[in-house]
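Trainee: Residues per chain, in single letters:
2 protein chains.
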Amino acid sequence: MEEEILIFGHKNPDTDSICSSIIMENLEKKLGNKCKAVRIGKINKETEYVLNYLGIDIPYVENINNDQKVILVDHNESTQSVENIENAKILKVIDHHTMNFKAPYLLYYRAEPVGCTSTVLYHLYKEKNIEIEKNIAILMLSAIISDTLLFKSPTCTEEDKIVAKELEEIAGIDVEKYGLEMLKAGTNLDDFSEEELINIDAKEFKKENAKYVIAQVNTVSIEDVLEKQEKIEEVINKEIAEKNLDLFVFAITDILNSNSEIISLGKKANIVENAFNVNLKNNRAFLEGVVSRKKQLVPNIDKNI
Amino acid sequence: MEEEILIFGHKNPDTDSICSSIIMENLEKKLGNKCKAVRIGKINKETEYVLNYLGIDIPYVENINNDQKVILVDHNESTQSVENIENAKILKVIDHHTMNFKAPYLLYYRAEPVGCTSTVLYHLYKEKNIEIEKNIAILMLSAIISDTLLFKSPTCTEEDKIVAKELEEIAGIDVEKYGLEMLKAGTNLDDFSEEELINIDAKEFKKENAKYVIAQVNTVSIEDVLEKQEKIEEVINKEIAEKNLDLFVFAITDILNSNSEIISLGKKANIVENAFNVNLKNNRAFLEGVVSRKKQLVPNIDKNI
Chain R
243 MEEEILIFGH
253 KNPDTDSICS
263 SIIMENLEKK
273 LGNKCKAVRI
283 GKINKETEYV
293 LNYLGIDIPY
303 VENINNDQKV
313 ILVDHNESTQ
323 SVENIENAKI
333 LKVIDHHTMN
343 FKAPYLLYYR
353 AEPVGCTSTV
363 LYHLYKEKNI
373 EIEKNIAILM
383 LSAIISDTLL
393 FKSPTCTEED
403 KIVAKELEEI
413 AGIDVEKYGL
423 EMLKAGTNLD
433 DFSEEELINI
443 DAKEFKKENA
453 KYVIAQVNTV
463 SIEDVLEKQE
473 KIEEVINKEI
483 AEKNLDLFVF
493 AITDILNSNS
503 EIISLGKKAN
513 IVENAFNVNL
523 KNNRAFLEGV
533 VSRKKQLVPN
543 IDKNI
Chain W
243 MEEEILIFGH
253 KNPDTDSICS
263 SIIMENLEKK
273 LGNKCKAVRI
283 GKINKETEYV
293 LNYLGIDIPY
303 VENINNDQKV
313 ILVDHNESTQ
323 SVENIENAKI
333 LKVIDHHTMN
343 FKAPYLLYYR
353 AEPVGCTSTV
363 LYHLYKEKNI
373 EIEKNIAILM
383 LSAIISDTLL
393 FKSPTCTEED
403 KIVAKELEEI
413 AGIDVEKYGL
423 EMLKAGTNLD
433 DFSEEELINI
443 DAKEFKKENA
453 KYVIAQVNTV
463 SIEDVLEKQE
473 KIEEVINKEI
483 AEKNLDLFVF
493 AITDILNSNS
503 EIISLGKKAN
513 IVENAFNVNL
523 KNNRAFLEGV
533 VSRKKQLVPN
543 IDKNI
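Going down the list, the protein sequences come from chains R and W.
Going by our numbering, the residue at position 254 of the first sequence is 496; the numbering climbs one at a time, nothing skipped.
Going by our numbering, the residue at position 224 of the second sequence is 466; the numbering climbs one at a time, nothing skipped.
If you're looking for bench data, these hints aren't it; they were derived computationally from the structure.
Mixed in with the good hints, there may be bad ones.
One copy or two, either will do: identical chains are not told apart, so a pair holds if it fits within one copy or between any two.
Stated by the list, open to error - Below, in silico cross-link-like pairs of lysine to aspartate or glutamate (EDC-like), each with a Cα-Cα straight-line distance of 16 Å or less:
no.: 1; residue 1: 344; residue 2: 319
no.: 2; residue 1: 344; residue 2: 544
no.: 3; residue 1: 287; residue 2: 432
Because the structure is a prediction, the values reported are computed rather than measured.
Produce the entire structure from the sequences given, and follow the hints as far as they go.
Mentor: Pasting the structure below:
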């Protein structure tokens, strides 16, 4: 029996990671490959909106077998992948992130400097002359809307906009209306405990001797989230102690006005002052115009840590 | 004035590195980008045959300016690139090797598990619907013939063969006849000093605390090369001392019969005995059926060092 390839995105999956896994399954199957899209973490509220809209689901896996054949989408660094990724055989990587990747064997690697993995996948369909069905177009659009915050994030490229325009016709939806509803669904934080809040979209980074986490939540009301600041700090400090982190930055991003308030904790908490030219007050700072972890938070923190 | 992008392959360039640089320049120019193919080392005899056949040339650069925009072909590891690659801005990588790559910014990365970079480039032309001219087809074929030793190397994939078949028509040459002449031209080692011989196609590798070099020459007569063994060992031992190497493996590959004789020196010289299940005698061993550094020499040495 032919072995089934597992396709998955990063830990704490966002809409791009989930949608791109499902899209890649569709593409690989059309190319005749036996495969299955899975997730390695909990679906967030925004992604839930998309999956409910389409009436589809994606199974969860906790870890993988040794020598499991896998395709990674929307990430390449092992720290952001499934626990035992070192034991897997990575057949392909489809991504749009900075790179820190090693493999002692040949594989297919495709990264493009665009705002969303689904934009890269769109190119793959076009190159292989494979028709993009309505549901796939909606998945691609959802991923692009999510990663670019409806084309307002600085990570959004001209190519993402062009692809979204072409997808809109196939999808047959009003992108602005659908997109706002989807983003708003993602900002409903009522059901989350503080532990969950700081893990909705958290990524761990390593640089020489420093280990840090940048977590992000999207909201339409920063104030609502800050009401829980005391309890949030408590769970962040617990996380810092458990994982021996030097820094934990929790960004609360106002997706309507494109700003963020950050809470910075850990023994290197103060480096955000230089990084963003702000003063921490009550462990917090307001970052005007900052919405993107990849383009704004990570590079500035990385430079200063 | 728009900045010119430099395109180059690895140190000690082989035919794939040189041809793929020139092919990529052609492709990028057709896409409207200002660029120039260059080489970062001496042309070998085999590549010289190709360039003479087509009446073309490729300029040499010793190093690059800070922030120079570059495209890497046929390699991705910084140890195999131009000295000051750390200061460059890598826009694209087109490759078919194992990966050890970091970049703190987004870029276009395209690697495929095939025998030759030119096979990947062929796919890029097809995807972009760009016509492959006769000269470009001959360059692609030359690279594929070189990297696969006329389709006999274990690195050769079905895809390389399919692409070569399609290129043969455009190129209008007898691949077998042209290929043998090209490979034989590459085995003319008369003009080389021993210092040059061990550097014709040498690649350096690092693994934890071990640093080693695997050098390779192609020949139609292993005996002819072995006549110089004493002097070859002398220059290898000099290289080991200067670069503080743990191991230097010099493979003399018989391209007609697909075997290699290796000379193994350095304080870890004996690891080749386990790696290939042979006994070193007079620092040498015969490796039946071994022709590929990438698929045979590197993985077995890497496992045992």
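Trainee: Measure nothing new, just compare the shortest in-copy and cross-copy C-alpha distances for residue 344 and residue 319 to 16 Å and report within, between, both or neither.
Mentor: Close inside one copy (9 Å) and across copies (10 Å); limit 16 Å.
Trainee: When Cα atoms must be at most 16 Å apart, do residue 287 and residue 432 count as within-copy, between-copy, both, or neither?
Mentor: Answer is within; shortest intra-copy Cα gap is 11 Å, inter-copy 70 Å.
Trainee: At 16 Å max between alpha carbons, let me know whether residue 344 reaches residue 544 within a copy, between copies, both or neither.
Mentor: So residue 344 and residue 544 pass the 16 Å test across copies only (14 Å; inside, 21 Å).
Checked against the numbered hints given earlier, this structure breaks none of them.
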